[in-house]
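Engineer: Spelled out from the first residue to the last, the chains are:
Number of protein chains: 2
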Amino acid sequence: MDITSKLSDKVKHLEASSIREIFKLLAKPGIISFAGGAPDPNLFPKKEFAEIAKEILENEGNTALQYGITEGYAPLREWTKERLVSQGILDADDDVIIVSGGQQGIDLASKSLINPGDGVVCEEPSFIGGLNCFRSYNAQLFGVPMEDDGIDTDALENLLKEHSNIKLLYTISTFQNPSGITSSLEKRKKLLELAEKYDFLIYEDNPYGELRFSGEEVPTIKSLDKSGRVIYFGSFSKILAPGMRLGFTSAKAELLERMIICKQTQDVHTNVLSQMIAYKFVTKYSIDEHIAKLRQVYGKKCKLMMETMDKCFPESVKHTCPQGGLFLYCTMPDGFDSKEFMKKALEKNVAFVPGTSCMIDDKATYSTFRMNYSTASEEEIVKGVTLLGEVLHDYMGV
Amino acid sequence: MDITSKLSDKVKHLEASSIREIFKLLAKPGIISFAGGAPDPNLFPKKEFAEIAKEILENEGNTALQYGITEGYAPLREWTKERLVSQGILDADDDVIIVSGGQQGIDLASKSLINPGDGVVCEEPSFIGGLNCFRSYNAQLFGVPMEDDGIDTDALENLLKEHSNIKLLYTISTFQNPSGITSSLEKRKKLLELAEKYDFLIYEDNPYGELRFSGEEVPTIKSLDKSGRVIYFGSFSKILAPGMRLGFTSAKAELLERMIICKQTQDVHTNVLSQMIAYKFVTKYSIDEHIAKLRQVYGKKCKLMMETMDKCFPESVKHTCPQGGLFLYCTMPDGFDSKEFMKKALEKNVAFVPGTSCMIDDKATYSTFRMNYSTASEEEIVKGVTLLGEVLHDYMGV
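Line by line, the protein sequences are chains A and F. Take 1 as the starting number for the first sequence in the numbering used here and just add one per residue. Take 1 as the starting number for the second sequence in the numbering used here and just add one per residue.
These are computed hints drawn from the structure, not numbers from a lab. Some clues are possibly wrong.
Claimed, not checked - A short, non-exhaustive set of chain F residues, derived as facing chain A with CB atoms under 10 Å:
hint	residue
1	Lys6
2	Lys47
3	Arg83
4	Gln103
For every residue, glycine included, the Cβ atom is placed at its ideal position computed from N, Cα and C.
Please build the complete structure, drawing on both the sequences and the hints.
Structural biologist: Here you go:
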């Protein structure tokens, strides 16, 4: 039988993410990859986790291995809420649930909000996992270009005037993936103003916010929200470890309740052992000291990558200068195609993500590419970026 | 702002599962609960897991804590496939993915197949997590009564003749939740015959199949399927531990590929540490010896529950006699209401799941109730069932 005739309208049109296709190429031995978005594994608290995991399974194994609560392991949920309140992100009467990675928060909120044909505005470029999630609920995607201080709010307002079906705006407000850009306070306020005026909701995805290594903190959009229009997504993936699949999300009670029901039909609850390990770690050790270490390492790697680029890349290739997070974004002059460039780079055993994977129209040609500096070692950063510089000079004929 | 006006058509009508509401009552101290579906925590291999987890985090922490593959940790995926092939459930060219609990398999397949209004046939009674999942994709649910040897296939065929929108049939073929009934080989063959004739797909959910403590193995529907109409869901929750959220699923390649894409937008991948713990456990120890122990304990508890019921329940209250799994199902004479009975039982500190939670029309009145025998101790089983017998005599006035 032909099972494709049975596929739902939600998935018929979906394609495996192009990033995944790139990842398959990364199995090549000796490749230097700036393509992923993974933390530096040397910074995982492996020794501490090993002790903690053993202790939990020996002493609290009945809880760690049994069915858990859909909303999350209560002590971790409470700790997360207190931290977000202390950071000024949440009010004391806001509620938080633990989810199986930040991505699940986005998915649950999308399932709870998006009807086919509803408009979702995304920053361009944006995070492919967000874009694909909205696609999987048959949303109509609209892209608004990023500027140095966040989304182009004039272009956004024009779009809102034209399209009455816009229900949501998706923003990675701080150290954006892929651009590394942090939205200014003014733009954050403007987004809330527009949300009120045009009656849409804001998804604020903030998995990188804790990883600031320079500049000044900017308040989250959630912290400025007075009417409950912001749905907030956070993650333990970048501050602890992504393999644990731990994230958290906060939204108005009536929405959060629906998300919890959806989570129950999706995976019942989040892995209990990982929630308990995370909770033990953040209470036994100082999470702030741990994060300070991450900031230092990523800041150093980012600086090294930018310096090497400035030395080795053609002058006409520009890059963003992130103040935190895991990514920076490069732009070749118009007319050059980052997919072509990628093919040539792969021949030299260096990988990155071409801009096309971050755009709504992923069939078009873009001169941009994303570079991750968290995973590779300092030595690899110098070697890989130098090689990319050579390939760029060759490809661009400069 | 009123966020309820923004909710999607998928979740507007959803209600928190009534089982969850019952679970809240179970916080009552001293309660004896036959309401859950949890394994006996005394059987969790806690000591072994503690050693294994420590070893993994110390020696393979970079893999255990880093992003993983959406399809699952390759060695566990391979092991699972080999086991299913050796059990005759899969062919060598079938493919398997690891999912975050069996529930996620059902959700991913549903997202990939169900358009709003598509018909899904469920056994009545059935598993509330399945029913709620289909509801969350706006399926039209049809119930077909269970008989002692599985679904009533005559009633099913009549339904199929009447409704051309039926795309799926959901069956828990072995030790069904909640009834404990195992479908006969004849009925399994008949289902496949009807699936061909009326062109629908079969979800075979088999989380309990390994837990047989009496009677003869019956081949899975999947193993009898020649045309790829069966989507198979299995789980490590009942044979290892549910808190780990590990399940697996097999389907035709074209569907499995869509499910993988949906999984990527849903939780990216399954918790890596738990997958590695499970893999180490099943390779270092004998999973068959472990399962033999579970079968023995659950068989003994089931027998004890049935014997106590036969002694203490009014004669007119009937129960099924499962050959495995975690549940048996009781039926009071017509006219009695298991929700009323539950209220009275809770006053005596004993809990179970009323039949209404297992039915498509969950507003109606049912004389049935589900009893779990895996979680409670033998002492609690005798004490709780004896108390229930007293309440039943009182409630039924016999």
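Engineer: It remains to establish, for every hint, whether it holds in the given structure.
Structural biologist: For each hint, the structure was consulted:
| no. | hint | verdict |
| --- | --- | --- |
| 1 | Lys6 | holds (6 Å) |
| 2 | Lys47 | holds (7 Å) |
| 3 | Arg83 | violated (21 Å) |
| 4 | Gln103 | holds (5 Å) |
Consistency note: the structure conflicts with earlier hint 3 alone.
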